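So the protein lines, in turn, are chains A and B. The first sequence begins at 21 in my numbering and counts up by one. The second sequence begins at 781 in my numbering and counts up by one.
Keep in mind the hints are simulated off the structure, nothing from the lab. No experiment lies behind these values; they were computed from the predicted model shown. Watch out, some of these pointers could steer you wrong.
[To be verified] Across the chosen pairs, the derived CB separations fall in these ranges:
1. Ser100(A) - Gln783(B): 44 to 50 Å
2. Asn48(A) - Ser889(B): 20 to 26 Å
3. Val32(A) - Asn847(B): 34 to 40 Å
[What the hints assert, rightly or not] Part of the chain A face toward chain B, derived, beta carbon under 7 Å:
4. Tyr68
5. Gly71
6. Gly130
[Stated by the list, open to error] For lysine to aspartate or glutamate, the following EDC-like pairs were computed, each having C-alpha atoms within a straight-line distance of at most 20 Å:
7. Lys848(B) - Asp804(B)
8. Lys31(A) - Asp839(B)
9. Lys785(B) - Glu79(A)
10. Lys785(B) - Glu92(A)
11. Lys851(B) - Asp811(B)
12. Lys836(B) - Asp811(B)
13. Lys887(B) - Glu34(A)
14. Lys77(A) - Glu99(A)
15. Lys887(B) - Asp864(B)
16. Lys817(B) - Asp839(B)
17. Lys73(A) - Glu92(A)
18. Lys817(B) - Asp864(B)
19. Lys73(A) - Asp93(A)
20. Lys851(B) - Asp864(B)
21. Lys817(B) - Asp58(A)
For glycine and all other residues, C-beta sits at the position ideal for the given N, C-alpha and C.
Each chain, written out:
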Amino acid sequence: DAGITQSPRHKVTETGTPVTLRCHQTENHRYMYWYRQDPGHGLRLIHYSYGVKDTDKGEVSDGYSVSRSKTEDFLLTLESATSSQTSVYFCAISVGPGGISGYGYTFGSGTRLTVV
Amino acid sequence: DQQVKQNSPSLSVQEGRISILNCDYTNSMFDYFLWYKKYPAEGPTFLISISSIKDKNEDGRFTVFLNKSAKHLSLHIVPSQPGDSAVYFCAASPRSQGNLIFGKGTKLSVKP
């Protein structure tokens, strides 16, 4: 099974502060994704990466930025956290060749972020 | 504008019976459809997928059916077990893109 870890697992932060969430993989997969899960909304794509320094926006990218300086790490930054960004954040990697989504993603265990 | 819809937020089934979870989609350009299972405090786990050129895929107790004319897919779990109790997400892959679009999920409860 693909090794994918997220840190931290839980975080409480204050409105207006920057926050960075980390996703680390051990198997050199090219495609990585950040999703958020909210009640009544399912999983929504924030940003994704198709290689080092290659990223693109998803459905709900406003207020978020990402960076990928190494294959194994994909960072999600909330530039100035707001209460609407209280959510559970999941990182995922595409395990199929060329990122073909029919092979499915492997998800991390999630980061529960609370903005107070 | 939801492209992938799961209209039933919850489903309750007796152990040993069949569970049928449904999903509708609006975009004919999806090339794969997938089902994920999620337990509380864990990440979603991949369950089964189907290519848009097929109408059925089976893996043990799990079968996914695709009806392209109705833009509808369903996941059948037979027989249902209490350990199947979880939230199930339907997802679709737009052609030539590497991302997935998820439905809102259906919470399945299998009662002993």
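Comparing the hints with the structure gives:
| no. | hint | in the structure |
| --- | --- | --- |
| 1 | Ser100(A) - Gln783(B): 44 to 50 Å | violated, 30 Å |
| 2 | Asn48(A) - Ser889(B): 20 to 26 Å | violated, 39 Å |
| 3 | Val32(A) - Asn847(B): 34 to 40 Å | violated, 46 Å |
| 4 | Tyr68 | holds, 6 Å |
| 5 | Gly71 | violated, 11 Å |
| 6 | Gly130 | holds, 6 Å |
| 7 | Lys848(B) - Asp804(B) | holds, 10 Å |
| 8 | Lys31(A) - Asp839(B) | violated, 38 Å |
| 9 | Lys785(B) - Glu79(A) | holds, 16 Å |
| 10 | Lys785(B) - Glu92(A) | violated, 33 Å |
| 11 | Lys851(B) - Asp811(B) | holds, 12 Å |
| 12 | Lys836(B) - Asp811(B) | holds, 14 Å |
| 13 | Lys887(B) - Glu34(A) | violated, 32 Å |
| 14 | Lys77(A) - Glu99(A) | holds, 15 Å |
| 15 | Lys887(B) - Asp864(B) | holds, 10 Å |
| 16 | Lys817(B) - Asp839(B) | holds, 14 Å |
| 17 | Lys73(A) - Glu92(A) | holds, 12 Å |
| 18 | Lys817(B) - Asp864(B) | holds, 9 Å |
| 19 | Lys73(A) - Asp93(A) | holds, 11 Å |
| 20 | Lys851(B) - Asp864(B) | violated, 26 Å |
| 21 | Lys817(B) - Asp58(A) | holds, 16 Å |
Checked against the numbered hints given earlier, the structure breaks hints 1, 2, 3, 5, 8, 10, 13 and 20 and satisfies all the rest.
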